[in-house]
Amino acid sequence: MTPAYTRRELMVVAAAREIRDHEVVFVGMRLPLLGFGLAKATHAPNAVGLFENGVIRDRPAEAFIYTMGDPPNIAGALACLGLIDVMSLLQQGRVDVGFIGGAEIDPLGNLNTTRTSGSGSLVRLPGSGGAGDIASLAGRTVLIMEHEPRRFRERVDYITSPGHFPGRRRGGPATLITTLGVFDLSTGRVGATSLHPGVTAQQVRAATGFPITIDDQVAATTAPSADELAYIRGADPQGFWTGDTMKPR
Amino acid sequence: MLPSSTSSARIGKATREEIVPDDVIRSDPNRTVIPGFLVTAVVEEPGGALPSSTQGYWRRDFEPFLTYHRLSRTPEGFAAWLREWVLELADRQAYLQHMGEATLERLRVTDRRPAAAANFAP
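Chains D and F, in that order, give the protein sequences.
The numbering of the first sequence is my numbering, which starts it at 1 and goes up by one.
The numbering of the second sequence is my numbering, which starts it at 1 and goes up by one.
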């Protein structure tokens, strides 16, 4: 059976659902760019988005964007400040939710995007970008990752973006959205909230390099509605971010 | 170039789409991103940011980024990309010619959406 949506489209929808109306969102690259636009177009029309290049938007971009600096993300923006300005807003505690991705994650939600020797030889990863700041200072964070055993590790090689730790006074990982499901990280353990349609608990356990709580009655991630898909396909007509390039399961 | 990069550089070169009279720049000081004393040299180079975008002048060309991502996965692919897009092109004109007129035509921004005029009378 041909699926009516791709897994990345499902992940965009799951990301959008993490945004509540009137929230200030630190938007990341890739899927969250679309997730923010989708949330604005559906249940969170009053959300405000901050981008780390200084752009502040209260409307989705007018056309497809590849980076946050592309002209359609500038046109009609609420303000174009600078990196220091939006990072200062983050520091002030004005950001409710931030989106970040990672190459590796551990059970406390620590993310590594710096370097890894998980596959035997040392690999240099892209680095923090603004992720360390977002993970430390946003009211809560939503993490988005590919779900593979080499990425889900009992202990990450390097903590680029801190997860839960004793004495944390603000924020921390709340939700993890992967290619296999949606997981709750708010308690400092990883528990499945929902698995994507067709994904089994066994598959998730096999793809996770540490113990994970999956209830027998765990829900299936709600499939995208026709309206949600229409928005995503309008914003990403070529499937640049949302086309499923992953190998079939 | 971003203002933060001018703070860390000793020599700043700016490439521009257009060079305009000084009074155009001074008509809205809030829009001056880099004041002249931080700039060592200005190069008038239309299309200088391509295949990235320049607001009001050029849209982004997405294809070259996908091509680079694909080719740079292997050392041979990266070398081939470097040859085609850097080493074998003498200058910016040669780069634009290699992109092709049809591509440039597709990327050129022709609509106008000027900002509202602001009154700076003291």
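Hints should not be assumed to be uniformly reliable.
Now the in silico label distances, taken between C-beta atoms and shown as ranges [what the hints assert, rightly or not]:
#1 F:Thr32 x D:Thr187: 48 to 54 Å
#2 D:Gly129 x F:Pro21: 23 to 29 Å
#3 F:Ala116 x D:Ala223: 43 to 49 Å
#4 F:Glu17 x D:Glu146: 52 to 58 Å
#5 D:Glu62 x F:Glu101: 25 to 31 Å
None of these hints come from the bench; they were simulated from the model.
Predicted model, so just to flag it, every value in this text is computed and none were measured.
Glycine included, C-beta positions come from ideal geometry on N, C-alpha and C.
Run through the hints listed earlier and report the numbers of any the structure violates, in increasing order.
2, 4
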